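Chains as they are written, first to last, in the numbering used here: chain A, 1 to 383; chain B, 1 to 393.
These are computed hints drawn from the structure, not numbers from a lab. Fair warning: there could be bad hints in the mix.
Claimed, not checked - Here are the simulated EDC-like cross-link-like pairs (lysine to aspartate or glutamate), alpha carbons at most 20 angstroms apart as the crow flies:
#1 B:LYS332 x A:GLU125
#2 B:LYS332 x A:GLU356
#3 B:LYS332 x A:ASP289
#4 A:LYS150 x A:GLU125
To be verified - Just a few of them, taken from the derived set where beta-carbon distance is under 8 angstroms, the chain A residues facing chain B:
#5 ARG50
#6 ASN54
#7 SER114
#8 THR160
#9 ALA162
#10 LEU318
#11 ASP324
#12 GLY328
#13 HIS334
#14 ARG338
#15 SER345
#16 GLU349
#17 GLU350
#18 THR353
Source: prediction; values computed, not measured. Glycine included, every Cβ here is placed at the ideal spot set by N, Cα and C.
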Amino acid sequence: MNPVRSVAKRVRSRVTRGSGATSHVVATSGRDGATALLCSVSRMPGIPLRADSNGLVRLMGWSASPDDIPHRITITREGREQYGPRMARRPDFAGRVRRSGHPELATGTIRAISLFLHVPESETERSFDITVTAGDHSCHLGTFRVVRPKDAGRKKEGHTRARYKEVWNSVSGTLDLAKTAVAGYVDEDEFQRTSEATVLTLQRTTGLKPTDVVLEIGAGVGRVGPSIAPLCRKWIATDVSEQMLMFARERNSGFDNIEYVPLSGWDLEPIEDSSVDLVYCTVVFMHLDEWERYNYVREAFRVLRPGGRVYVDNYNLLSTPGWDFFSGVIQVHHPLNRPPNVSRSSTPEELQTYLERAGFENAVSMGPDEALFCWAYATKPTG
Amino acid sequence: MMSALPASLRPNRSHGGPHMGKSRFFTATCSLDGTAWTDPDTAPLVGYIEPPGAGVRHTDGNGLVHIQGWTASRIKGRHKIEIQSRGRRIFAPDMSPRPDVMDHLTSTYPGRFDDGEAWNLSVFLHLPEGEKEKEFRLVLSDGAYVCTLGKYRVRRPDGESDDSSALSRVKYKEVWNGVSSNQSSAMIAVAGYDDEAQYEIAAQATLQTLRSTVGVSQDDIILEIGAGVGRMGQVLAPLCRKWIATDVSENMLSFARQRNSHLTNIDYVPLSGWDLEPIPTSSVDVVYCTVVFMHLDEWERYNYIREAHRILKPGGRIYVDNFNLLSEPGWKLFQSIMEHHHPLDRPPNVSRSSTPRELATFLTRAGFSDVNTNWDDTAMFCHAWAKKDGGVR
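Next up, chain A with everything else stripped away, as it sits in the complex (with noise of 0.2 angstroms):
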């Protein structure tokens, strides 16, 4: 099947191969006879991407409207829909509209299509769906096969601290090395203490319901599973370390009111959209990047229901403790040699700004001084 053909019925759609040096497609959609929505990415669909040394095929292109109205991009596989990125005005690209053979769109409103497509390190291969929509038009742009090539030899080297899987998998060999990796302590008592500790705060901020579907994010070895899974109607522990997620399942083998979630290390594509009630983040943020924390708080509000809360914390650079912690960590390692997972800072209004700009409502961060850790929660709108 053409997937290009695909595209629901009132909408017209084509493909077209480009006459430039790379091919491309373009999909258009529209109503008696006039274009609504035009789209072009630079790879053809059909024919099987070839991923980097990292898993990655990097798509480029543009959509064009002739109304100002909000462009999105929705990525598919296996039937689950994700956000694709935002997309951005690109009114530079018009030269690129027109000798499309849309000169009318020249003018209208053009946006950014640049997305990442990634198969893991232990998959050969991964199809995509990607869809266009604006308004009531949508153009589905194909289905992309990517292929992970055998014989990719050595990874790039990077930025170590984003290779979240590898980084927690190693760090997770046995559970006292994985508690130590989490904690910094493997004492069943003090886990246990700090474990109420979490549903206290969470009950203090965000509130925790019977009836609530509660999803950790970077659940590690379960730590919080004892306390909360008795209180809520599901919990849901996610962790980009399968080797976290093994012994969180040892750890909470008593309860069957819990599903164990392995991630990819940026985003929650395995969670259903608008299917859970609470969201929560602890003891995390200080692993991740600056962009990872506001990916997971952006795929939150996506995971959640209308009304439902969002809670994250970090360390705050700007307490007493916090800047004790800070400085350990420069008197700890030399630039040249700190670990991948070493712990960042944040100040209580970053946390702010994420949830803010994710599109919660309600959003309150706190940050005392004689606390180690600031914290922030809101609510997703229920209009």
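Chain A is already provided as a structure; the job is to place chain B on it using the hints.
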């Protein structure tokens, strides 16, 4: 082994404790003049260093030797560790409290350390690539006593090359020399464009910012951290006594020199990537660092501010900035970085944001006073400036 130890450091294997490392313990004590050691039972300052003793140390793959331990004194007073090499002071970290050591000492020496304090000691000696050997001296002071902990000759082990191939952000020197092989690419790497007219406009804007924050006067010795291709040279050098252009990249500095060759009151100083080691203490009137923090990790941001505090004269001024996550243009930049780089494929020098209170905290914690920040929702950058206590202005 004994002969390899400096006279000022004597091993005492009878003392140890549960929290202080796995290998042998040494208790070092010192007297007021820093030359002779006294009885450990009565000495005012004690300490422990691992690896013990001084002498020749071999570096790891990054050219580093890590020396760790603790120091304690009978009186309360902030301990300070100083590293000297070739007569210069080198950046050394702040020392943090070690309550576990205090517990150990108060139980081992009842009554002797009840009013005292213990501090953590953690020092990295770094041998830059291309150098065969470097000598370091460790000096400890607690306000009343000064003692030399030892001399270390740091060497690279024979036949061993740099084993860490990852070009990460913190390899500042390689990263920034790597993007500045010619003048045009150097100019684009630091500013995003290589147009001289635009450079002039941007330099004038920076000058305005400096004038309205720290001020610029004809008598000032002004130092820029991360001067790049010397954008500020032609507008600032004529207005001050001396302009010191520092940068981690020797390539960048060579272009800075070419572009400012007509000016005679400029010094060009290459840096390690995390300190201002070549600059003498209390020798500069103004330190500024602009459009640089985005490329640094948070710890280096603070280290440079701390170093600025060291090299500034009393009453000296400092200005720093970064792109502001909280403003509208700052958020746009943050988003565009997310768009352009997959987590697995970000360049090492990718721009990281700040919040205004982060910058203010760094200045306050480094000891500056009169700390100010300035930002609004429409501006890409947040600015912070402050003053070192003392002096007359």
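Hint check results:
| no. | hint | verdict |
| --- | --- | --- |
| 1 | B:LYS332 x A:GLU125 | violated (33 angstroms) |
| 2 | B:LYS332 x A:GLU356 | holds (14 angstroms) |
| 3 | B:LYS332 x A:ASP289 | holds (17 angstroms) |
| 4 | A:LYS150 x A:GLU125 | holds (11 angstroms) |
| 5 | ARG50 | violated (15 angstroms) |
| 6 | ASN54 | holds (4 angstroms) |
| 7 | SER114 | holds (5 angstroms) |
| 8 | THR160 | holds (6 angstroms) |
| 9 | ALA162 | holds (4 angstroms) |
| 10 | LEU318 | holds (5 angstroms) |
| 11 | ASP324 | holds (6 angstroms) |
| 12 | GLY328 | holds (6 angstroms) |
| 13 | HIS334 | holds (4 angstroms) |
| 14 | ARG338 | holds (7 angstroms) |
| 15 | SER345 | holds (6 angstroms) |
| 16 | GLU349 | holds (5 angstroms) |
| 17 | GLU350 | holds (5 angstroms) |
| 18 | THR353 | holds (6 angstroms) |
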